[in-house]
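Let the sequences and hints guide you as you build the complete structure.
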Amino acid sequence: MKLIEDGKLYIDFPVAPILEEFNNPVHKDHLVSFADAYIRIMPVTVYYNEPYPREWWGAGCMDNWISKVLQGPLVCEPGAAYNYSTVGFALLGEMISRVSGMAYESYVIENIIQPLKMNRTFFDVPAHLHAEVCTVDNKDLKRIRAIVDGSPKPPSSLI
Numbered sequence: 002m003k004l005i006e007d008g009k010l011y012i013d014f015p016v017a018p019i020l021e022e023f024n025n026p027v028h029k030d031h032l033v034s035f036a037d038a039y040i041r042i043m044p045v046t047v048y049y050n051e052p053y054p055r056e057w058w059g060a061g062c063m064d065n066w067i068s069k070v071l072q073g074p075l076v077c078e079p080g081a082a083y084n085y086s087t088v089g090f091a092l093l094g095e096m097i098s099r100v101s102g103m104a105y106e107s108y109v110i111e112n113i114i115q116p117l118k119m120n121r122t123f124f125d126v127p128a129h130l131h132a133e134v135c136t137v138d139n140k141d142l143k144r145i146r147a148i149v150d151g152s153p154k155p156p157s158s159l160i
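Take any residue in the sequence shown, note its place counting from 1, add 1, and you have its number in my numbering.
If you are wondering where the hints come from, they were derived from the structure by calculation, not from laboratory data. Some hints could be false.
Below are the EDC-like pairs computed for lysine to aspartate or glutamate, each with C-alpha atoms no more than 20 Å apart in a straight line [claimed, not checked]:
1. Lys3 <-> Asp13
2. Lys143 <-> Glu133
3. Lys140 <-> Asp125
4. Lys9 <-> Glu21
5. Lys3 <-> Glu111
6. Lys9 <-> Glu106
If you're wondering where the values come from, they're calculated on a predicted model, not measured in any experiment.
The following block contains the structure:
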């Protein structure tokens, strides 16, 4: 919404002009509302529990992850149905990066977190605060402790 406020995007903005890898009618709002239809296209990795047939996020895919996302058929026409997928938010993060000219994390920190003085909001929880993080299970706790500063991660990692 900040980029809309700044006049760099508009509400029903198509993804293709920003993410030139796209060749279908997905709009920004499809990504935000989980109506992007990409749940079947994605592969599972250690980051997510979603049942994806191909790896798309990780060391071997960082240069062409959007192309990996676009392989295979859509589950439905974009906007026709709700399909939970963290991939939509990863794509939205990439859009933010390309439109703002900044890394997603940097943009969010400088334009949202810092102006709102959200001083205990992190992408990577600092080690000295791990004991203060509420986790739902040991898997979640291990994930938080395993994050290495500077490692590439999708937008869903904000804590």
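A quick look at each hint next to the structure:
1. Lys3 <-> Asp13: holds (15 Å)
2. Lys143 <-> Glu133: holds (14 Å)
3. Lys140 <-> Asp125: holds (16 Å)
4. Lys9 <-> Glu21: holds (17 Å)
5. Lys3 <-> Glu111: holds (11 Å)
6. Lys9 <-> Glu106: Roughly 18 Å between the alpha carbons, so the hint for Lys9 and Glu106 holds.
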